[in-house]
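Student: Residue numbers (the working numbering), protein chains in the order written: chain A, 1 to 417; chain B, 1 to 165; chain C, 1 to 261.
These aren't lab readings, by the way, just hints derived from the structure by calculation. Computed from a predicted model, the values in this text were never measured in an experiment. Think of the CB as a built atom: it goes at the ideal place given N, C-alpha and C, for glycine as much as any other residue. A few of these clues could be false.
[Stated by the list, open to error] Quick look at which bits of chain A chain B covers, simulated, 3 or more residues with Cβ under 8 Å:
1) 85–94
2) 110–120
3) 374–387
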Amino acid sequence: MVHGEAWTIKEFFVYPNEYIYWSIQIVMYPFMTGLVAGAFVLSSLYHVFGVKQLKDIARFSLVFSLALLPVAMMPLMLHLQQPLRGINVMMTPHFTSAIAAFGIVFTTYGMIVASEIWFVYRQFIVETVLELRAKQQRTVVESLQLLTYSVLSLGAMDLSPEALHKDERAVSILAGIGIPVACFLHGYAGFIFGSVKANALWMTPLMPVIFICSAVVSGIALCIVTYIITMEIRKLISAWNRKNNPRLPSTEELKSAEILTVTMTVKYLVMFLVLAITLEMLDLIFRTYTAVKSWDILRSVIYERDFFKIFVLQYGLGNLVPFILFLWPGLTIRRALVGTLLVLMGVFMMRWNVVIGGQAFSASFSGFMEYHLPLWPHDMETYKEGLLGALTVITTPFVLFYMVTRVLPVFGVKDSH
Amino acid sequence: MKNHVWRPLFIVLAIVGGILITRTLLVPSDFGIWERGYMYGWHRKSNEDVWKKYPIKYKTAKVCAECHKDKFNDLKDSPHASISCENCHGPNYNHPKDPLGLDIDRRRDLCIRCHAYLPYRDSARAKIPGIDPQKHYPTEECIMCHYPHNPKKPNPKHHTAGVKP
Amino acid sequence: MINRREFCKKTMMIAGGLAIPLTALEIFDPRRLHAEKDGKEKVRWVFLVDINKCVGCGLCVKACKIENDVNWDANVTRTWVERYVVTKDGQVNIDSPKGCRDGFTTQKIDQAHIGLKEIKPEDIAKGFFVPKLCNHCENPPCVQVCPVGATYQTQEGVVLVDRSWCIGCGYCVMGCPYGVRFFHPELHVAEKCTLCYHRLSQGLKSACVDACPFGARRVGNIRDPEDPVTKIITMEPVNVLKEEFGTKPQVFYLGSSKEVK
């Protein structure tokens, strides 16, 4: 069977070689890079612009952005027909292609995030090393920890106030450089689609900007969701610990800190959400008004075949409902959680409607293609480009985040700045 | 003590260096910008030769006529003269060495590619004698009656007796 | 006085620096930068399709599949033939079952998942066949978007795929407005019409050209003014497909109609 045939249903006239070649993994790819970029931008709001209220979530989102980073590459690797040759993008980059920038932008961005985290955590790392060194008897685990932290410290053991001040400066500089790079990382993902002149739905110069805005929206939303969940777990743990040690912060204290952070972060989310919707509407209005050759087929895709996915799931449930939830006075944690989950779903549907919707019609404008997501895999291809492949991609960042926080804890660390 | 701020940068430089070294090892030496410039000509030059050496399967009727002069003459003045031998007899490959003989397609399916009637008055198809494959001796092979090299003649090898419409 | 740490650091830096030869930094080699599309080449292959001569037999598709080892039963093909049936009320019906691998042998229009559509002969205003293949564009968008340089244009204007370098991202498949590219069912790399580059290089014509009994397909060299194909292209009213994309397609059509997609 030809690649794409397993999940493509053709109607009327479609060129013989046309299939839905870019499927669920290419939906996942901009969604995941969007989360990376968004999480980073959120942490930078604190580090660069000094939005103090975001202090609590900044460290958290920075580490989360690191955990998401390798995952942004995963869908691409799962999608490539020749995954082992993926390195060719770094070997012989062809810069007239938007994808060629991937290797370089991605590596640059990864390095910036890693360095920033190093500066943020240096004090913690060095203190841990010193603490472990001071011990007379070390268990195997502790010896391994010492080794890990010693390597991570890169031999920079200076904890003088001047050195720590330099760390702080480095963090804000890196965060400053990081914002444009993060936007570029994601903007170029939009460019990958926006520059395909063969695709009537994709080709618009607004595409990169729309992608960046929705990326920031989804990144902030995911940070809020994960933040709320970890805070709930912490509350449970602290309630349990307080039985033995009443001096620990009470659940109420944690809760008030939590709602404050969430309310503040939601404000930024709403801001970017408005921007994203405005641009998307502008694009739609412009297409309707100019009504070029492709409009007939686009109209039947947007307003008929994909109506539910676009206007109900994406704009209705994914944008309008959370908008009301967030702006309704007296925001609660639960309401924020529902809202942010809906926003995440909405952004995912936006990616879906762009990637799959762009292939819902033939380049001949005389037929349609319908995508049937393979639910249960019956071979490697339907696993990789099916529901299970997508779920693999979604769960990985949480596993990675857990592993990273074993080494670099995000809560209960004394800040160096 | 020296400034520790540059340490991550050293690692970054090491990674970049590593990538550059891998490039020299992995990229073929003839990979570069060729005749059509960077946008359209960025490739491995030797791949052109790979394509040039791709094995030819259809050797054309000219090659057939070298040995099968009789068949060539048989076809010469027929309405089917423009049909290349290999369309029905199959590709030459390296005949007569490999394969020794060719697998001739004698099926109805081959004939009705042109001779199934289609009602498009101004198309070239309308100029070809057409039948309705469902109605015109549907169970018989065309070559039972028609001589493929020259459809104007009856097929000398086969008997038309016994064939029912 | 140099201490141990300083010494180690300096040694590492020098060793590292030496390990990166200058050639590693080179992405563009100016020596290899030949004159860019100056039109001085002696050969530029072009293709000519005469719609008036095509009968939709599909022998070209059959020959192409066999000549180029594209799996016979796979529902992809390097070249195909479309049928256009326009009814008197102006409705355009298009189909190309299996890319016309077995020719058009029924009047029913194949609407894929929708099923077969019957059109009464008396309702038909016109019907014709349009062979399609890679346009070997002068500005191929598929080559422009390849991230690794695995697809390229030769100096003769033929667009090829380097099967050993393609990563299979599918960007070229998406970038082609004509839908000529697909993934090879067995090799899992981008696949497309090569204009039978191997045959052209040895003085033969493309397999589809040789297979066509009606002369509906022809290949020629546009740089040779004496080439009969060149003469037709320069002197007769020819058309190209989807000119609006700015790809400068090099497959020319005689007798094209506005319905052709």
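Student: Per the coverage rule (Cβ-Cβ under 8 Å, at least three residues), is the stretch 85–94 of chain A covered by chain B?
Tutor: Satisfied; 5 residues make the cut.
Student: According to a criterion of three or more residues whose C-beta lies within less than 8 Å of a C-beta of chain B, is the stretch 374–387 of chain A covered?
Tutor: Contact hint for the stretch 374–387 of chain A vs chain B: violated, 0 residues under 8 Å.
Student: Taking a Cβ-to-Cβ distance below 8 Å as contact, does the stretch 110–120 of chain A have at least three residues touching chain B?
Tutor: holds (count 5)
Violated hint: 3 only; the structure is consistent with all others.
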